[in-house]
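With the hints as your guide, set chain B onto chain V.
Residue numbers (full-length UniProt numbering), protein chains in the order written: chain V, 1 to 209; chain B, 1 to 474.
Possibly wrong hints are sitting among the right ones.
To be verified - Here are the computed lysine-lysine pairs in the DSS-like style, where the Cα-Cα straight-line distance is at most 30 angstroms:
{"hint": "1", "chain 1": "V", "residue 1": "LYS106", "chain 2": "B", "residue 2": "LYS63"}
{"hint": "2", "chain 1": "B", "residue 1": "LYS63", "chain 2": "B", "residue 2": "LYS52"}
{"hint": "3", "chain 1": "V", "residue 1": "LYS187", "chain 2": "B", "residue 2": "LYS53"}
{"hint": "4", "chain 1": "V", "residue 1": "LYS106", "chain 2": "B", "residue 2": "LYS53"}
{"hint": "5", "chain 1": "B", "residue 1": "LYS359", "chain 2": "B", "residue 2": "LYS295"}
{"hint": "6", "chain 1": "B", "residue 1": "LYS53", "chain 2": "B", "residue 2": "LYS69"}
{"hint": "7", "chain 1": "B", "residue 1": "LYS359", "chain 2": "V", "residue 2": "LYS106"}
{"hint": "8", "chain 1": "V", "residue 1": "LYS67", "chain 2": "V", "residue 2": "LYS47"}
Note that these hints are calculated values from the structure, not bench results.
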Amino acid sequence: MLQHNLIERMVEHFQAGGEIMIPLMFLSLLMWTLAIVKSIRFLRERKRERGASQCLEMFRGEASVCKAGLAQWQWDILSQYMNERCEDPELNRDMLEAIRMRQEFKAMRYIGTILILAAIAPLLGLLGTVTGMITTFDVISEFGTGNARALASGISEALVTTQSGLVVAVPGLLLGGLLFRRAEKLKARMELFCIGLQEHTDGIATAGE
Amino acid sequence: MKHAIHTLIIFMALTAGAQAQGWDDTSKAVNIMVAEAGQNAAKTKAIIAEEKKAVGSEKGTLKRSISEKQSRFNQLKAQYDKLLEREAALNEELAAQAHELKTIDGTIRTSAKQARDYFHESLTTPEHPERAEVLAQVLQPEKFPGLEGIRNLLTLYLDEMAASGSVVRRSGDFIGTDGMDKNGELVRIGTFTEAYRLKDGTLGFLRPTSEGTKLMAVQGEPGWTLSGIMNDFFDGKGTVFPVDISNGAAFARLAQEQKGVWEWLGAGGLLVWPIILVGVVAMALVIERFYALSKLRGTSDRNMNKILQMVSKGEWKQCREFCREQSRFPTCRIIGHTLKYMGNTREIIENAFQEGLLKELPMLERFLPTLNVLAAVAPLLGLLGTVTGMINTFQVITLYGTGDPRMMSGGISEALVTTQLGLAVAVPIMILHHVLERRVDTIIGDMEEKGTGFAVALMKKGQIKKREELDAAA
Chain V
1 MLQHNLIERM VEHFQAGGEI MIPLMFLSLL MWTLAIVKSI RFLRERKRER GASQCLEMFR
61 GEASVCKAGL AQWQWDILSQ YMNERCEDPE LNRDMLEAIR MRQEFKAMRY IGTILILAAI
121 APLLGLLGTV TGMITTFDVI SEFGTGNARA LASGISEALV TTQSGLVVAV PGLLLGGLLF
181 RRAEKLKARM ELFCIGLQEH TDGIATAGE
Chain B
1 MKHAIHTLII FMALTAGAQA QGWDDTSKAV NIMVAEAGQN AAKTKAIIAE EKKAVGSEKG
61 TLKRSISEKQ SRFNQLKAQY DKLLEREAAL NEELAAQAHE LKTIDGTIRT SAKQARDYFH
121 ESLTTPEHPE RAEVLAQVLQ PEKFPGLEGI RNLLTLYLDE MAASGSVVRR SGDFIGTDGM
181 DKNGELVRIG TFTEAYRLKD GTLGFLRPTS EGTKLMAVQG EPGWTLSGIM NDFFDGKGTV
241 FPVDISNGAA FARLAQEQKG VWEWLGAGGL LVWPIILVGV VAMALVIERF YALSKLRGTS
301 DRNMNKILQM VSKGEWKQCR EFCREQSRFP TCRIIGHTLK YMGNTREIIE NAFQEGLLKE
361 LPMLERFLPT LNVLAAVAPL LGLLGTVTGM INTFQVITLY GTGDPRMMSG GISEALVTTQ
421 LGLAVAVPIM ILHHVLERRV DTIIGDMEEK GTGFAVALMK KGQIKKREEL DAAA
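Just chain V, with the same shape it has in the complex:
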């Protein structure tokens, strides 16, 4: 019963906000989906990360086992680097850097989107405010200030959209910031991994020659 009431009230609240609520809701859903997907991926990858030497060890063994056992980015960097590697260490480093940049780009994926969605939400809320105020003033020019009920619909539209915009934006910005920091840390780990990888492989390459 309580739940039913709650849903009903939420729907009422939603309807009070007018048309702007629809894009706002889509925006919020998209943002949360991206944030959840992103954080799940981060957490899962973090668990499977290995040190550079350990990775090389695994790479020499069964490929499928190695792929399943490593984080996605580690496997990508490792496989690409090991396939395309040449004798020139300078070139190797450049190549590794290019590969790493691609992975870094992947790590940052969606975070910018989350942040920009969070930035847009209050703008949409503000748009709703203005629309609501225009409705209110239309009503005033039509009926004067006597018709409080008609006035209230415009004002509730104005306030509910602002509120919703902020409700969407604040956690969005926090989440975005959190994910951004995580991505930065991941980038640092990637760099570390690449350096380790190169150290090890260069040693091997020279040993092989």
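Using the frame of chain V, we list chain B on its own:
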């Protein structure tokens, strides 16, 4: 006294007679005369007595009649007094009843006037043109409407009450939105709403004219959702119909809601135009960018594989050819550029590659900073409009005071419309800019990666010479 006079006369006569004749004669005559006088006196006495008697009886009669009349008079006077009393009582009664009657008359007139005012705005009046006559009869001045009139008035009211609970379909005449007489299908829902459908399918609502005798189409069209519902109802398929329970106020808003984009923009004042300009420029840039980027594809994995295959086989010519063919891919263009420097040291190859990349970059990133600036400028312009509008409002307030909210609404609508427009322009630009930026970043990342891969492939093939080798060759 009388006797004395008689005697005197007789003596005088006696003296006169005595002179003329003798005493005897005289005495005889006197005796005769005395006798005669005595007789006369007796006679007179008798007459007198008789008359006295008659007068006495007459007096008695008269007296009686007087007393009779007096009693009658008294009787009548009492009656008159009684009647006077009655008259006063009746007058009082009359006054009381006249007051009541006046109240009734007044009530009837008031209700008849109310009916006239009400029917004036009623949708049912055009269906009952006889109403005006009935009302005029009841409202005749200086004349009591009578039971007939009261009954007619009551019938009018009852009819209206019945009409307010019924749905009537009929075909009838009305004045169209263009002011011409039209004939179409009409539906009246109670006394709230009346709608029409013309033969060409035009839908709309009706209101009574100011005279109240005809129907007039409401300005503004119902939207397509409403039109669908209304058409269903006209066709007898639907049971739902939109009504205006505010008795016409909502119809006024129907017309207002449809005030065009121009009116809406006009309400925003001068600052609307720069915002629109920003929006148009941004839209043009976005379209240009999307078009340009759709031609440049970043995902050229397949092409890259082909190139790498060619490189590993040493088919340089084909490779160059292929790169020229696929020049819409920036990666291929850069590789094509790098291929020219084949056989040089790694530094030169790398520089060539960087050069190619730098050549491509401005093409890719063109307009993106501009878009960013435009997205930032649009809400600022909107804010400027807000402030300008508020300044206007306060100027109006200083001039005219806050008495009429309508006076202020001009400035306020300017403030709000510009803000709205600024935000409405900024939000899509921001989103599109983000999308474009992501896309460009992807392409650049792809180019760098592919370039390095290509360099490695060259190296493997031995096409990149080490410096010592080059020096040795030189």
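Verification of the supplied hints:
1. About 151 angstroms separates the Cα atoms of V/LYS106 and B/LYS63, which puts this hinted pair outside 30 angstroms; it is violated.
2. Between B/LYS63 and B/LYS52 the CA atoms are separated by roughly 16 angstroms; this keeps the pair inside 30 angstroms, and the hint holds.
3. Between V/LYS187 and B/LYS53, the direct Cα distance comes to roughly 169 angstroms. Violation of the 30 angstroms bound is thereby established for this hinted pair.
4. Distance hint between V/LYS106 and B/LYS53 is unfulfilled; the C-alpha atoms sit about 166 angstroms from each other, more than 30 angstroms.
5. Between B/LYS359 and B/LYS295 the CA atoms are separated by roughly 17 angstroms; this keeps the pair inside 30 angstroms, and the hint holds.
6. With a C-alpha separation of about 24 angstroms, the suggested pair B/LYS53 and B/LYS69 falls inside the 30 angstroms cut-off, and the hint holds.
7. With a C-alpha separation of about 25 angstroms, the suggested pairing of B/LYS359 with V/LYS106 holds against the 30 angstroms cut-off.
8. Between V/LYS67 and V/LYS47, the direct Cα distance comes to roughly 14 angstroms. Compliance with the 30 angstroms bound is thereby established for this hinted pair.
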